[in-house]
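Visitor: The chain contents come next:
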Amino acid sequence: MKYLDEYRDPEAARLLLDEIRRVSTRCWTLMEVCGGQTHSLLRHGIAAELEGTVELIHGPGCPVCVTDQEAIDFACQLAQRDDVILASFGDMLRVPGSRGSLLDARTAGARIQIVYSPLDAVQLARKHPEKQVVFFAVGFETTAPATALAVKQAARDQLDNFSLIVSHVRVQPAMESLVQAPDNRVQAFLAAGHVCTVMGYESYESFVEQYRLPVVVTGFEPLDLLEGILACVKQLEANEVRLENRYARTVQAAGNQSAQDLVREIYQICDRAWRGFGVIPEGGLELCLEWRQYDARTRFSEPALPVLGIDECRSFDVMTGHLKPPDCPHFRKSCNPESPLGAPMVSSEGACAAYYRYGMTASH
Amino acid sequence: MNCPVSIPTNADYVTLAHGEGGRLSRKLIQERIVHALSNETLLAMNDAAQLPRVTGALALTTDSFVVSPLFFPGGDIGTLAVYGTINDLAVSGARPLWLTLSLIMEEGLPLVILDRVLQSIAEAAQQTGVKIVAGDTKVVPRGAADGLFINTAGVGELIAPIPSGAATLQEGDELIVSGTIGRHGIAILAVREELGLEPLPSSDCGSLLRPVEILRESMGHQVRCLRDATRGGVAAVMQEWAEASGMTLSIEEQSLPVSPVVRGISELLGLDPLHIANEGTMMIAVKQGAGADAVSFLKSLPETADAQVVGTVKHRGIAAVTIKRTLGAEQPLDDPLGSPLPRIC
Ligand code: SF4
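Residue numbers (my numbering), protein chains in the order written: chain Y, 1 to 364; chain F, 1001 to 1345.
Some hints here could point you the wrong way.
Said to hold, decoys possible - Now the in silico label distances, taken between C-beta atoms and shown as ranges: (1) Y:Arg-99 - F:Ser-1255: 41 to 51 Å; (2) F:Ala-1167 - Y:Val-279: 55 to 65 Å; (3) F:Leu-1060 - Y:Leu-15: 50 to 60 Å; (4) F:Lys-1314 - Y:Asp-18: 21 to 31 Å; (5) Y:Asn-239 - F:Ser-1255: 38 to 48 Å; (6) F:Ser-1255 - Y:Leu-15: 20 to 30 Å; (7) Y:Gln-80 - F:Tyr-1013: 25 to 35 Å; (8) Y:Asp-9 - F:Gly-1246: 31 to 41 Å; (9) Y:Gly-100 - F:Asp-1136: 36 to 46 Å; (10) F:Gly-1143 - Y:Arg-156: 32 to 42 Å; (11) F:Gln-1288 - Y:Thr-29: 42 to 52 Å; (12) F:Ser-1296 - Y:Ala-248: 37 to 47 Å; (13) Y:Gly-309 - F:Glu-1243: 29 to 39 Å.
In short, the hints are calculated from the structure, not lab data.
Heads up, the beta-carbon is just placed ideally off N, CA and C, and yes, glycines get one too.
I would like the entire structure built from these sequences, with the hints used as guidance.
Guide: Okay, structure coming up:
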């Protein structure tokens, strides 16, 4: 994969690191919004290299991490029904709900199938007309179009045994709720490249205007990230506030129009509870009325279960930059990838998992 | 005499009656299994195989194979069962001699499938010069197994020089991977989960006998230990060796041989090729300075043409196993955690 190697060249990375150190006159605090970026930053040792120059706060950008416990409980509840096959992406399976994870439910006999795309779930429904197939639809704006396609496919095939637990979330409202918090520490954002691939980045103009914070659209490879960080630092040093695209090889200003049309056709914006955050106004997508028959909550008249117990996980503090995962009192103690207390330890993109895997670093 | 219950003698599927020890069982064993694997020891049909004396000490290993699907690009459960066991013997320093073969069949298994698997077993055994000398068949009711499970045991004769083992690893020893990693796991994932890839990635399922032989002959005592990197992948072998030796095993990401397909799929699904299973790829540790020679010997064989030195053994540092990534920082490499669950975005 030549394409990747170009963005991992150690020599070029060194030069960029030096440049970032050279232009920084103080330690700036940046937030990378996306979990994929968090992993890359730690995996390639970038966060460690920049210690003292740039502080990186690991944002809320892992859809698995922010999926509300209530949704997971509901998914487990449906999965336990004899007539249901629950289809889910793999990394949702280990995330603890308040009554255990989907994996726990599977061990107890629930029928849960890992899928790789929402269309696989439709395929499953076609193959099992005798069962109700429920797809656990999590993800940001990036995955919402694929789920929308699945709904339309199910409608075209006249499948009456396919439905969704819609837990799609929207990135920008979460960024707004972060910067509006009185103790906000973020001075600039590395915006998630793949979300912008779909949604474009024009909508960030008003965000930049309103909150007076630089936003740089950034990719996921080491060089992408370093370029994004450098662009942020340069703006901060020059006391400028701009929207910049440093991921031009993939992202266009207007994004992917047909994907956006699809999203508008199937979903409407709604307020949504984010795990750790509470309800974020306009923070989610739900099926609009004419597609509501594909909503599992409409289809199944299951009683709403109250969320049990208290959530000891400090994910909110982690995602707002007030706590580094290793400083969480549970980190590596009562919370580890085998028995996670919170979603950031489970998801392959969660900040705590990233620190757990790549945390200790020796320099060369 | 007419049997009151009609037995489907010419059915195309394995039935419970095939496992009940009667005429059907005998027919299945003689006409299909012994026929496919024909050798005198099996033909004798004794309760226990009687084997000739060997000069060296013996090595014994056993393994069970439960792969789904039974057939995948690059192999099937039959080749896997033979090569898997043979490779275990080979990397322990033994020349494989005899295998046993137990088949646990699910009621309803098409006999043509059984025949194809037996054919693969026969070919793999013949190619590697081992004999299947004893076996067993069982049939379990529909739903109690996934088509076909295979258990094998293998006996081999240890041949000097026997690798001194992971406990003897020393600072400066070099670590080699014999081929591109992660192929088997990705091939299985691609067919099982119907990822719709074109062309389908293929497994590295194959015998390591020749590569081990060439190393033994040309490197002798310079080889410290060998291990086929099956479940848990290269990372799991490194963890075991680090534990056995008390040293740190450190590899460099950039020198790891990974095929573009495996790399692409791993990136896409958030998996690490280091944690993905191999079936014809091993890890080798040689004494300091012997790495380049070992690699050039391996490269002369097609099955190990992609061999590379990937790292070294050091004094115990920040972690038992470490990896150097792009920017040169050394990080711990974790043990794989359960079966890898692919991520979403
Ligand atoms: S270490 Fe565990 S408990 Fe602490 S914030 Fe991370 S996931 Fe939550």
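Visitor: Determine for every hint whether it applies to the structure shown.
Guide: Tested hints:
1. Y:Arg-99 - F:Ser-1255: 41 to 51 Å: 46 Å, holds
2. F:Ala-1167 - Y:Val-279: 55 to 65 Å: Holds: the Cβ-Cβ distance is about 57 Å, inside 55 to 65 Å.
3. F:Leu-1060 - Y:Leu-15: 50 to 60 Å: 57 Å, holds
4. F:Lys-1314 - Y:Asp-18: 21 to 31 Å: Cβ of Lys-1314 of chain F to Cβ of Asp-18 of chain Y: about 28 Å, so the range 21 to 31 Å holds.
5. Y:Asn-239 - F:Ser-1255: 38 to 48 Å: Hint holds: Cβ distance 45 Å, inside 38 to 48 Å.
6. F:Ser-1255 - Y:Leu-15: 20 to 30 Å: 22 Å, holds
7. Y:Gln-80 - F:Tyr-1013: 25 to 35 Å: Roughly 34 Å apart at Cβ, these two residues keep to the hinted range, so it holds.
8. Y:Asp-9 - F:Gly-1246: 31 to 41 Å: Because 36 Å falls inside the window, the suggested range holds.
9. Y:Gly-100 - F:Asp-1136: 36 to 46 Å: 40 Å, holds
10. F:Gly-1143 - Y:Arg-156: 32 to 42 Å: 34 Å Cβ-Cβ, so the 32 to 42 Å window holds.
11. F:Gln-1288 - Y:Thr-29: 42 to 52 Å: 46 Å, holds
12. F:Ser-1296 - Y:Ala-248: 37 to 47 Å: The hint (37 to 47 Å, Cβ to Cβ) holds, given that Ser-1296 of chain F and Ala-248 of chain Y are roughly 44 Å apart.
13. Y:Gly-309 - F:Glu-1243: 29 to 39 Å: 37 Å, holds
Consistency note: the structure conflicts with none of the earlier hints.
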